[in-house]
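**Q** Going line by line, the protein sequences match chains A and B. Quick note: the first sequence uses this note's numbering, first residue 214, plus one each step. Quick note: the second sequence uses this note's numbering, first residue 807, plus one each step.
Mixed in with the good hints there might be a few duds.
To be verified - Capping the alpha-carbon separation at 20 Å, the derived lysine to aspartate or glutamate pairs in DMTMM-like fashion look like this: (1) K240(A) / D318(A); (2) K351(A) / E245(A); (3) K391(A) / E309(A); (4) K875(B) / E309(A); (5) K841(B) / E937(B); (6) K875(B) / D318(A).
To be verified - Sample of chain A residues at the chain B side, in silico, Cβ under 8 Å: (7) L243; (8) V252; (9) L259; (10) V303; (11) A307; (12) A321; (13) A333; (14) L334; (15) G408; (16) A411.
Claimed, not checked - Chain A is faced by these chain B residues, among others (derived, beta-carbon under 8 Å): (17) I883; (18) V885; (19) T927.
For the record, the hints were derived by calculation from the structure and aren't laboratory data. Think of the CB as a built atom: it goes at the ideal place given N, C-alpha and C, for glycine as much as any other residue.
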Amino acid sequence: MTEVKKVPAKKKKVEEKEPSLWETFTKGILKENGLFVMVLGLCPALAVTATFEGAFGMSILVVLVLTLTNVTVSAIRHLVPNAVRIPIYVIIIATEVTVLKMLVDAFAPDLAKELGVFIALITVNCIILGRAESFASKNNVVRSALDGLGVALGFGLALSVIGFVREFFGTGVIVLGKTLPLGFEHTVFQNLGLGEYAFSILVQPPGAFLVIGFLLAGITAFRQRKGAKK
Amino acid sequence: MNLLAILISAMLINNIVLMQFLGLCSFFGVSTKMKSVVGMGFAVIVVTLLAAIITYPLYHYVLVPLNIKYIDTIAFILVIASLVQLTELIIKRFSEGLYKSLGVYLPLIASNCAVLGVALTNVATPQTYIEALTFALGSGLGYALIIITFAAIRLRLNAITVPKALKGMPIALVTAGLMALAFMGLAGII
């Protein structure tokens, strides 16, 4: 009995202590993964993951935008009146997304074509506004930058995994250098000859829902098993 | 392209939710209750159409002549946010009943990517004003149709046993995937 009581008390103590910078950075990657654990930001996760490269390109953009917006919001957090903070955050995010969109248009036109309207729609991605509101508006610049980077890397990791699964099982190969300006073009896994056995439905819209649904189910099953062991 | 073709294409064939993946957060978030999806569906129809009515002339007669069309995202988001606020005020003033059923969903729409997505698609494709409005109406109708159907399916899902790991979000996603598969069959209509 005494042992049972002791454990929660100890746990509480750990929670009360301010998390270290490393923890701030890493918690967003796996433990509180925006897509797989909280199921936020579904629109881009479904729309741009038909190819691995598109998903990876989107990940890079999200990492840039989220880190930048978190830093900006955190830097001006004492100047913003509380009542109008959300519109101000939205304008900040929209501005930074616009700047990024112009850069992508200029330096990676193929990526811009592949992602289409979804670059502009990063503006209304709930993860970005969510981090601005729930973290950056209350913490200092360094912490916000690390939090933004961590959460964005977690989201990007999830996007890349989905993109990889969809393209690999949907076409049998992974094409590199077609949409990202890598300077070379290379098709990976071509010698496996899986092309004829590919489920082409996975690269089409229904495949997006199915892949994410089953990936989420797999993660839930894994967590339940881990929880049962403990 | 004639208007009916645009309407049907926007509503069924290139359905905004299942084929273009817009407005998914609210699609999965709200569709657990039958009553709320009807309100949400109507709110999206109204705001999408109103946003199209304003953003199309704004883009073609203000942003393009001034040569600042790169700020379209910022401008549209401001328009949509104020539009939502305005609609809320007007509905509140004139119809208490409608406000009670729609009111809570209006703020949600400001951050709904369906509205911004339709407004941005509308100006990115070369088309006339009336075609743009038809596209917006069709998209809104398509959203309402899908979210109401999906809520009905989810009601059934609550009543059956699904594997433990698939409970909740995963089974909802798989269901949406099967719906998308069914909607792909409509591709040959036009």
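**Q** Taking 8 Å as the limit, does the beta-carbon of V885(B) come near enough to a beta-carbon in chain A?
**A** Where the cut-off is 8 Å and the nearest Cβ of chain A is about 12 Å from V885(B), the hint is violated.
**Q** Do the numbers back the hint for A321(A), that is, is its least Cβ distance to chain B under 8 Å?
**A** Nearest chain B Cβ about 17 Å off; hint violated.
**Q** For the restraint on A307(A), tell me whether the closest CB of chain B is nearer than 8 Å.
**A** Check passed: Cβ of A307(A) comes within 4 Å of chain B, closer than 8 Å.
**Q** Under 8 Å, Cβ to Cβ, is where G408(A) needs to be relative to chain B, so tell me if that hint holds or is violated.
**A** violated, 22 Å
**Q** Does the closest beta carbon of chain B sit nearer than 8 Å to the beta carbon of A411(A)?
**A** With Cβ-Cβ at 17 Å, over 8 Å, it is violated.
**Q** Can the restraint linking K841(B) and E937(B) be considered satisfied, given a maximum Cα separation of 20 Å?
**A** violated, 32 Å
**Q** Identify whether the interface hint at L259(A) stands, where standing means a beta carbon of chain B within less than 8 Å of its own.
**A** Constraint on L259(A) satisfied, holds at 4 Å.
**Q** Does L243(A) hold up as a contact with chain B if the rule is Cβ-Cβ below 8 Å?
**A** violated, 18 Å
**Q** Verify the proposed pairing of K240(A) with D318(A), using a straight-line Cα cut of 20 Å.
**A** violated, 33 Å
**Q** Tell me if the straight-line CA distance from K351(A) to E245(A) falls inside 20 Å.
**A** Status holds; Cα separation ~18 Å.
**Q** Is K875(B) within 20 Å of D318(A), Cα to Cα?
**A** holds, 14 Å
**Q** Restraint: A333(A) near chain B, CB-CB cut 8 Å. Satisfied or not?
**A** Status holds, d = 5 Å.
Consistency note: the structure conflicts with the earlier hints numbered 1, 3, 5, 7, 12, 15, 16, 18.
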